[in-house]
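Participant: Read off the chains here:
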Amino acid sequence: MKCELCNKNDAETVFFRPTPAGGKEELYVCHACFNRERAFLQPHGIQVAAMEAPESHTLTPPAKELPGLSQLSEELLKTMRDFFGVNSTRPHPTPEECDESPECPKCGMTFREISTSHTAGCPECYSTFRDAFAEMFTEQQGKAATCTPPPPRKQKLLELNRLKQAFNEALATEDFNKAKQLKAAISALTATLEATEHQLGEDDEQLT
Amino acid sequence: MSNLHDATPEASVDTICHKLQLVFCRNLHEYPFAAKLSEGGSAEGIALRWASDLIHQFGFEKVDELSVQTDLLFAPCAHALPQKRPIDAFLLRRRLEWQGRSYFVWCELMQQDHFRFSLCLHSVEDLPILQKLQQLLLQLENCFHFAYDDQFGYLTANPDLAGAGFSIHCRAHLPGLTAHDYLEGLCNFAHAQGMTCANDLERGLPPGNLFQFTNTFALTQTPEAITASAVAFLKCVAHQEMRIRQCMKYDSPILLYESLNRMRSFCNYACLITEEEALNLLSDYWLGRSCGIIPPAKGEPYAFGHCFDNVRDDVCERELHLTDCPTDALQALPARFRDAWHERAFRLDILRALWLRPLGQLVFAGDFMKWIDLK
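Here the protein sequences come in this chain order: A and B. Mind the numbering: the first sequence is residues 1 to 208 in the numbering used here, read in order. Mind the numbering: the second sequence is residues 1 to 375 in the numbering used here, read in order.
It should be emphasised that the hints constitute simulated quantities derived from the structure, not laboratory data. Since the model is a prediction, treat every value here as computed from it, not as a measurement. We put the beta carbon where it would ideally sit given N, CA and C, even for glycine. Certain hints may be false.
Short, incomplete list of chain A residues facing chain B, as computed with Cβ under 10 Å [unchecked claim]: (1) 16; (2) 20; (3) 121; (4) 193; (5) 195.
When the alpha-carbon atoms are kept at most 27 Å apart in a straight line, the in silico DSSO-like pairs for lysine-lysine are as follows [said to hold, decoys possible]: (6) 156(A) / 183(A); (7) 235(B) / 249(B); (8) 132(B) / 8(A); (9) 8(A) / 24(A); (10) 249(B) / 24(A); (11) 156(A) / 132(B); (12) 2(A) / 24(A); (13) 62(B) / 132(B); (14) 235(B) / 132(B); (15) 235(B) / 24(A); (16) 235(B) / 2(A); (17) 249(B) / 19(B); (18) 180(A) / 156(A); (19) 235(B) / 8(A); (20) 164(A) / 180(A); (21) 2(A) / 249(B); (22) 62(B) / 19(B).
Far from chain B by the CB rule (all over 12 Å, computed), these chain A residues [what the hints assert, rightly or not]: (23) 12; (24) 107; (25) 108; (26) 115; (27) 134; (28) 166; (29) 174; (30) 180; (31) 183; (32) 194.
Between the sequences and the hints, there should be enough to build the whole structure, so can you do that?
Facilitator: Structural data, given as structure tokens:
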């Protein structure tokens, strides 16, 4: 018997597809179609995201509360979040860290402002709030914020910038031996980059 | 297309996708992002200098000057509109040839990010051009020191795009999934695949059944991986959509013909119609064409001649008023621009412009239409 959806592969399993009338339709399908159909019916994070209340609607503890109640309620909330998997989509900043590093020295933005407006102020913000960003990325995306290795040419450019910086520092401290070595390294790297650029230019000319 | 179900995955994706756009966001290391730069009032001349570098060293040409407050559709008339927050912002473009076809790399300077390079694809099979675009960006790195962090990758104003600094946008026409109430499942599936559905059913059904999908994050991923993931998602969605269209064509042809007749009647005789209604009618038209009920127009894929009983009549030249046509922007324009618009305000053109507007890449809807004509 052929799969009732693709009519190509052999039917391997039964799939109960919901009908608009509210019933279920029995279909004999192959595994590929089964997985595809099932993927469309599975609920995922959108409900969780929809459940999440905006920041302004979060409950605030009463003015007079029993000792330890706040800690207890936080633990309870954390347990519930872990249970329902809400933690994975929590976009909130960490207030403690915001207090520790209140403002970006370059643009003056706080991490709370960044997470609220979802816009960083300058590249320096990422360095200033590095831990907070790393935590936010880990929570949002479920994986650690380890950068993928840059392309080889990018690596060389980064290396070149580092060498130039070290060269300037060596000159400033009058360490001329080191400066000489660094200059040689810079020249070699620049030559490599120019060769690559020449190759890219040729490719571009061929294209155009 | 005789049998929608037998189409290749790539052809199915091309059928549902009306626009596929690759976007790279880059910022310069030593400057704040565009919003902060304009707040501080120190943006004067910077964008102009960058634009000059792009033009003289990398073969870009200036297309337009942008303003944050401008209605982007009317960017050619942007200088005539009131600007609350003047900021130097430019739109540049550079031609890129690949496999005998011509593409434009568009660069928006000083929008959310300092540089926003984008490229619209003709088909999902053109995705290998991504490598050429990356090569161009690497060449640019010689001139510009893009903000890069060893841990996070390329730094962007939107933290979601930090990492690769890359996003892929796809605008898909999904009348079948909409009609069969698959949208919640579609959104869930998109979330599971790392994509975001721009509409997300928050404001009801999108007009014209046009959905926009974008990758949610770009951290720890390469542009190639993001693209592959997006294409896999689109193939899956296209397969479902084609299957449903096939069912609609053979199981309930009367309903399909009825909606097409309704579309035809409205397009012929309506004088006042909302944009949403018009987009929904055009969605029916596009559905009928993909199902093979309406023959495709030769030469102009986005011509809507078949909307009308007889194109040779003057029917298509009767005026049609869209109640929420960008009248606000029109009123703000000087008279000569309004006249220029009304001279062409025939229903065929209006419907075509309306359908193409969400497909156009921001400011150059007009260029997009010209490109479609040339194609």
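Participant: Each hint should be assessed against the structure and marked as holding or not.
Facilitator: Do the hints match the structure? See the list:
Because the smallest distance between the Cβ of residue 16(A) and any Cβ of chain B comes to about 15 Å, over 10 Å, the interface hint for this residue is violated. Because the smallest distance between the Cβ of residue 20(A) and any Cβ of chain B comes to about 6 Å, under 10 Å, the interface hint for this residue holds. The closest approach between the C-beta of residue 121(A) and any C-beta of chain B is roughly 5 Å, which is under the 10 Å cut-off, so the hint is satisfied. With its C-beta approaching chain B no nearer than about 8 Å, residue 193(A) sits inside the 10 Å limit, and its interface hint holds.
Look at residue 195(A): its Cβ only gets to about 13 Å from chain B, farther than 10 Å, so that hint breaks. Between residue 156(A) and residue 183(A) the CA atoms are separated by roughly 15 Å; this keeps the pair inside 27 Å, and the hint holds. Taking the CA atoms of residue 235(B) and residue 249(B), the gap is about 21 Å. The hint holds against a cut of 27 Å. At roughly 38 Å between alpha-carbon atoms, residue 132(B) and residue 8(A) are farther apart than 27 Å, so this suggested pair is violated.
With a CA separation close to 23 Å, the supplied pair residue 8(A) and residue 24(A) stays within the 27 Å bound. Restraint check: the Cα-Cα separation between residue 249(B) and residue 24(A) comes to about 22 Å, which is no more than 27 Å; the hinted pair holds. Restraint check for residue 156(A) and residue 132(B): satisfied, since their Cα atoms lie roughly 19 Å apart, inside the 27 Å limit. Taking the CA atoms of residue 2(A) and residue 24(A), the gap is about 20 Å. The hint holds against a cut of 27 Å.
Distance hint between residue 62(B) and residue 132(B) is fulfilled; the C-alpha atoms sit about 21 Å from each other, no more than 27 Å. Under the criterion of a C-alpha separation no larger than 27 Å, the hint pairing residue 235(B) with residue 132(B) is consistent with the structure, at around 24 Å. A distance of roughly 26 Å separates the Cα atoms of residue 235(B) and residue 24(A); the hinted pair therefore holds under the 27 Å criterion. Between residue 235(B) and residue 2(A) the alpha-carbon distance is near 22 Å, which keeps this suggested pair within the 27 Å criterion.
Distance check on the hinted pair: residue 249(B) and residue 19(B) sit about 25 Å apart at the alpha-carbon level, within 27 Å; holds. Restraint check for residue 180(A) and residue 156(A): satisfied, since their Cα atoms lie roughly 20 Å apart, inside the 27 Å limit. For the hint linking residue 235(B) to residue 8(A), the alpha-carbon distance of about 18 Å falls within 27 Å, and the restraint holds. With a C-alpha separation of about 12 Å, the suggested pair residue 164(A) and residue 180(A) falls inside the 27 Å cut-off, and the hint holds.
For the given pair, residue 2(A) sits about 22 Å from residue 249(B) by alpha-carbon distance, which is consistent with the 27 Å threshold. Of the supplied pair hints, the one linking residue 62(B) and residue 19(B) holds, its CA atoms being roughly 23 Å apart against a limit of 27 Å. Non-interface call for residue 12(A) relative to chain B: holds, since the shortest CB-CB distance, roughly 18 Å, exceeds 12 Å. At the 12 Å boundary, the C-beta of residue 107(A) falls inside the reach of chain B, the nearest C-beta of that chain being 5 Å off.
Listed as outside the interface, residue 108(A) is inconsistent with that label: its C-beta sits roughly 8 Å from the nearest C-beta of chain B, within the 12 Å cut-off. The non-interface label for residue 115(A) is inconsistent with chain B: the shortest C-beta to C-beta separation is roughly 8 Å, within 12 Å. Interface exclusion of residue 134(A) from chain B breaks down, the closest Cβ pair being 7 Å apart, not more than 12 Å. The claim that residue 166(A) is not at the interface with chain B holds, since no C-beta of that chain comes within 12 Å of its own (minimum 16 Å).
The claim that residue 174(A) lies off the interface holds: its Cβ sits roughly 27 Å from the closest Cβ of chain B, which is beyond the 12 Å cut-off. Chain B leaves residue 180(A) outside its interface by the beta-carbon criterion, the shortest separation being 25 Å against a cut-off of 12 Å. Every C-beta of chain B lies more than 12 Å from that of residue 183(A), the closest at about 20 Å, which supports listing it as non-interface. A cut-off of 12 Å between C-beta atoms contradicts the statement that residue 194(A) is not in contact with chain B; the least separation is 9 Å.
The structure fails to meet hints 1, 5, 8, 24, 25, 26, 27, 32 from the earlier list, while all remaining hints are met.
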